[in-house]
Amino acid sequence: MTTPVPRRAGRGLAAPAVLAVFCAAVLVPFLSLLLASVQPSGTPLTGFALPTHGIHLENFVHAWSRAGFGPLLLSSAVIALAVVPAAVLCATLAGYALATMDVPGGGKLYGYLLLGLAIPTEVTVIPLYYDLRALGLTNTVPGLALAEIAAFMPFGVFWMRAHFATMPRSLVEAARLDGASPWTTLWRVLMPSSRPAVTTLGVLYFVWSWNQFLLPLILVQDPGKRTAPAGLGFFTGQYDVDVPLLAAATLIVIAPVVVVYLFFQRHFINGVLSGALKG
Amino acid sequence: MLPALLPYTLFAVLPALHAAYLSLYAWDGVTLPSFTGLANYRQVFADPQLRAAAWHAGALIVFFSVLPIGLGLVAAAVVARRSGRRGITVVRTLLFLPQVVPLVAVAIIWRWVYAEDGTLNQALRAVGLGRFADSWLGSFTWSLPAVGLIGTWVVAGLCMVLFLSGTQRIDQEIYEAARMDGAGPLREFWSVTVPLLRPEIAVALSITVIAALSSFDLIYITTGGGPGNSTVVPGILIYRLAFGGGQVGLASALAVVLTAVISVAVLVVNRLARETP
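The listed protein sequences derive, respectively, from chains E and A.
Under the working numbering, the letters of the first sequence match residues 1 to 279, in that order.
Under the working numbering, the letters of the second sequence match residues 1 to 277, in that order.
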């Protein structure tokens with residue numbers, strides 16, 4: 001550690017020490033769960049147990065097959081695949097229109113969209129349940145996917161509008177003078193340099209969709225068709241005692257988001273931070 | 001514009017309006033609803049269970065907002081004085097992790113920490129404080145703070161990373177100048193770090209207050225509102241009333257009030273942030 005100004009030794013150590021304590025506070029609960037997941041199933045456990053009985057990976061197999069997390073993960077993936085591309089596309093088109101064209105009443109429409117940021121899921125979920133049931137859309141992929149796309153739209157439009165607003169206006173005007181339609185301008189001129197913004201939005205949408213709990217819990221009443229986190233919630237009620245199995249199931253459910261996060265961590269963190277600050 | 005507006009209007013705005021409409025009716029979800037005007041709203045403000053939920057939501061703000069923001073500021077202040085920032089990416093990635101994992105999983109992780117034979121009691125016994133061991137989530141006294149601290153754990157990293165990136169904006173020379181003027185670490189914290197991080201603090205405040213007021217997942221999995229009603233929050237009540245209690249109208253009224261409270265809270269925070277110090 002090189003610092004330009006000479007400091008007392010104690011101060012130089014304060015920062016790493018504080019950060020180490022915080023990191024440990026984050027890690028210990030995760031580690032505790034990881035250790036529980038490799039213990040033999042059905043034995044009494046204490047909190048931070050070292051694997052003295054060998055490493056029992058069969059908990060993961062049981063969670064996947066017998067407890068049915070395989071199909072639950074699949075339905076989570078289907079929902080995410082339906083939601084992410086559609087939501088990103090809608091948000092991109094709206095953000096592009098709001099940032100580069102003179103949409104009649106554009107300001108008002110934008111304000112109308114931003115209102116959605118203050119609507120908690122608890123409000124929409126009650127009517128959604130009864131309305132979607134009337135349409136026969138409860139327990140279906142489109143029903144849940146549409147509810148999520150709608151809930152994610154305000155942030156997405158806000159994010160893409162802010163992104164397109166930072167691009168030089170001359171770029172759009174030059175394309176227009178060359179006779180490019182708004183459509184070609186978007187795809188040929190603006191999109192190639194918009195990859196980071198779009199990726200960030202996609203990563204955020206994936207994580208939100210994967211982690212969504214209340215919507216699938218209510219809108220999908222059939223336990224076999226639920227998403228992985230909703231299934232996990234259902235599972236806690238059933239297998240309360242078998243800690244290793246529950247721990248293994250939890251790790252299976254969080255693995256995909258953690259992998260996506262670690263892979264795109266810079267996108268994710270910057271997205272959350274700058275998204276929050278611009279708002 | 002249309003592809004964005006259509007699903008948003010149909011599946012977010014209309015349901016919200018529909019909720020406002022339902023809130024004026026007494027409806028069990030099955031038979032015909034009957035119009036009752038503002039009776040549901042009167043009940044929201046009179047019912048002792050609903051008042052308890054409001055109190056708990058208020059208490060959660062302490063754990064979800066005040067505590068993590070305090071911790072985040074202290075961490076940011078300690079690290080800001082140091083210019084070499086090697087290893088900060090790894091730390092950032094780690095601190096953000098609770099933010100990424102589904103709250104259901106967070107709740108399960110912490111159920112294990114707080115369990116009778118869980119990590120916390122084991123640690124207490126290991127250092128000879130075994131007599132303080134408790135079944136934390138099943139205790140009338142401790143369940144609310146226990147749940148609240150899970151919230152602190154989830155958002156503290158977000159606040160910290162937010163403030164750390166904020167301090168990068170602060171010129172190191174300001175710190176040098178403060179030090180020249182003989183400011184100690186405490187003085188420096190209150191007169192340099194905190195005022196200059198004002199925008200970040202406002203953002204952290206609005207995110208965490210929304211999280212506290214609309215909390216559902218965490219509490220649903222850890223305590224379900226219990227024991228008794230000791231951790232009941234608005235989200236849990238809305239769920240119980242609408243999908244178990246057959247009081248859809250009352251649940252909608254509560255949901256509408258919750259939305260109003262959240263909107264006002266966010267507006268107030270933003271207003272405070274815009275005022276020049």
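Hint data in this document are derived by calculation from the structure and do not stem from the laboratory.
This one's a predicted model, so the numbers in the text were calculated from it and none came from an experiment.
Be aware that a few hints might be false.
What the hints assert, rightly or not - Simulated coverage check for chain A against chain E, where a stretch passes if three residues somewhere in it have a Cβ under 8 Å from a Cβ of chain E:
1) 54-63
2) 115-123
3) 142-149
4) 255-269
Just so you know, even glycine gets a beta-carbon here, dropped at the ideal spot from N, CA and C.
Hint check:
no.: 1; hint: 54-63; in the structure: violated (count 0)
no.: 2; hint: 115-123; in the structure: holds (count 8)
no.: 3; hint: 142-149; in the structure: violated (count 0)
no.: 4; hint: 255-269; in the structure: holds (count 7)
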